[in-house]
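Work out the full structure, taking the sequences as your base and the hints as a guide.
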Amino acid sequence: MSEPMPPTPEDVESSQAAERSANRRLTVTEMLILDTSVKILYPAILVLALYFLFAGHNRPGGGFVSGLMVGAALSLRFVSGDAEAVRSTFRLSSHMILGLGLALSATVALMPVLLGGSILEHGELEYDLPIFHHVKLTSTFAFDLGVALVVIGLVLMAFAAFGDGRVGDPGDEDDGSDDRLPKVRIRR
Amino acid sequence: MNALIPLPVILPILGAALCVIAARSRTVQRVLSLAVLTTNVVVSVILLIRVDDDGIGVTQAGGWRAPLGITLVVDRLAAVMLVVSSLMLLSVLIYAIGQREEEARFAAFNPVYLVLAAGVSASFITGDLFNLFVAFEMMLVASYVLLTLGGRPGQVRSGMSYVVISLIASTFFITALALIYAATGTVNMAQLSERIPELPSGVQVGFSLLLILVFGIKAGVFPLFFWLPDSYPTAPGAITAVFAGLLTKVGVYAIIRSQTLLFPPDAQQGTVLLVIAGFTMVVGVLGALAQDDLRRMLSFHIVSHIGYMIFGLALFTIAGIAAAVFYVVHHIVVKTALFLVAGLVEHRAGSDRLSRVGGLVRSAPMIAVLFAFPALSIAGLPPFSGFVGKFGLVSAGIDSTDWVIVAVSLLVSLLTMYVMGRIWSDVFWGEPEDPEVVEWMETDASRVPWLMTSATAAVVVMSLLLMVFAGPLYSYAERTAAELLHPEIYVESVLGEGS
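So the sequence lines, in the order shown, correspond to chains A and B.
Quick note: the first sequence uses numbering that gives the first Met the number 0, first residue 0, plus one each step.
Quick note: the second sequence uses numbering that gives the first Met the number 0, first residue 0, plus one each step.
For the record, the hints were derived by calculation from the structure and aren't laboratory data.
What you were told as hints is all true, and nothing was included just to trick you.
Sample of chain A residues with no beta-carbon within 10 Å of chain B, all distances over it, derived:
| hint | residue |
| --- | --- |
| 1 | 30 |
| 2 | 57 |
| 3 | 74 |
| 4 | 128 |
| 5 | 161 |
DEER-style ranges, computed between Cβ atoms:
| hint | chain 1 | residue 1 | chain 2 | residue 2 | range |
| --- | --- | --- | --- | --- | --- |
| 6 | B | 173 | A | 157 | 21 to 29 Å |
| 7 | B | 382 | A | 115 | 41 to 49 Å |
| 8 | A | 126 | B | 173 | 35 to 43 Å |
Positions of the beta carbon are idealized from the N, C-alpha and C atoms, including for glycine.
What follows is the structure, encoded as structure tokens:
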């Protein structure tokens, strides 16, 4: 088993799967306990986050908590793997996740105004489905989803800003344009 | 009309989201931001007209009835603040686009600027003390980012003190909220207005002072202003203009709102506020006299003029509050104009030090003209709007026989004229004292982009319009003051109608 290697351009260009397996190989040798627990915890936390997201409209939970749970799960992967492992989790860049989430929430908040209600008012649909029995879907769910996406985007950006060797967004190292969001430049 | 009320908050947030998504295209970001802020101006003007005709507009977020849900209220004061702030935000954005500095270099500028706009609007339209806190935080978090864009060491240093002082203020605020909620069981301002008078008088006075402390830090009144002249000048040029023009005035707005609405006359802190106002005026203008840096000078000068607004409020008469409202409007426009001109001077001369720059009246006559009007106005010379505001304040002070504060305000007025005169003679007359400045002014880079000049000119024209329309505006301010001194109108429109 090889020693940890600093990421080279070849690494970056190789496929995500290969990167993931390379990361796993490093961590298995070095942090067996951590890595094994992360493997178990990561999906479990994500399921819990999903539960919170759906339960949030009238029970403890909600989009913010859900987003934080996803953030916690990501931070575990960040500890056991590295920034590369977190980066390969999402296809979208972090600012895109944040922006889409905020846009979703704002639109949901604005919709009732267009329909003649007051802002942030919510509508709901109730169904009796075969397996799930009574299902209630409210428009607050979409709002919560947006909030969760904002938090996830923010967590990813925090990792990109503080935890990564490179300064930049996870997932968009392919272009060297000047437009990446979390960027620190020193004025002349 | 009530459907329009949330728009000045929600539209900038939606715009910010879309700007984040479009982070790669500066053109899309610009079009979005300009469209959103222009819409805000239109919406605010419609709100102003409707509120003036039909009375206070109320909407309940989520459709929950007033004391339970989040109430959004637009009365005359909120409406006029919305109009002025949205106009300033739009002009400064155009200026920033013309400047091709921070706005062009940082993809985060546009979204964060829109969040700032949302926070400012939210502070004006919220009818709920806790949401005022949320709005302040929205505004502050955006301002932390904008203040330190660029990451120069000086910016980070003064950004730190700004963050620390704002956090302390926020802690006081949230503590005050908790105490008020514990004592009254509500944070809805209309309901507070009914319940606070039932509290023991000592508790009322305590709350009143606590809120003055909290909002006083934001507004930059004596002795809580110390952070202001230190942090504002380090921000990027266009941003300083918005901070100087708007953020302190949001604090002043909160003081006016909380004092008039929440507290019964015997808990209103007239005398305390008068003393604060006097010291704020004097210390601010003396601080300004001692500076060599144009933007630091103007920053101290903001402090001085916050004193005038507090003076008007502290009288708690229709004449006093009307003058204060007029003065706030005048000051936002004129101060923004002055800071934008300071940015032009810095661009043209490569420095904003009074001791280095000179002779701009010949090398850049346009900038000199743009400086002259707001400077004369802020010094209070007739016929400019500053004169109208100061005349209103002084006559209100004489009516209330508060001779000391009247004398102080007149003296400070003279000193203000001296400050403006000093800027004029150092920056615009004479010769540039520094060879570097002379050299810089011969390069092409020192040419001011037309967009910057026209945005500044637009704000200067607005300040002149304040003078032209001083009559209607002043009677509007008087109607506003009458409304503010009868909080039962506000309470009834929020709680009585229910929606």
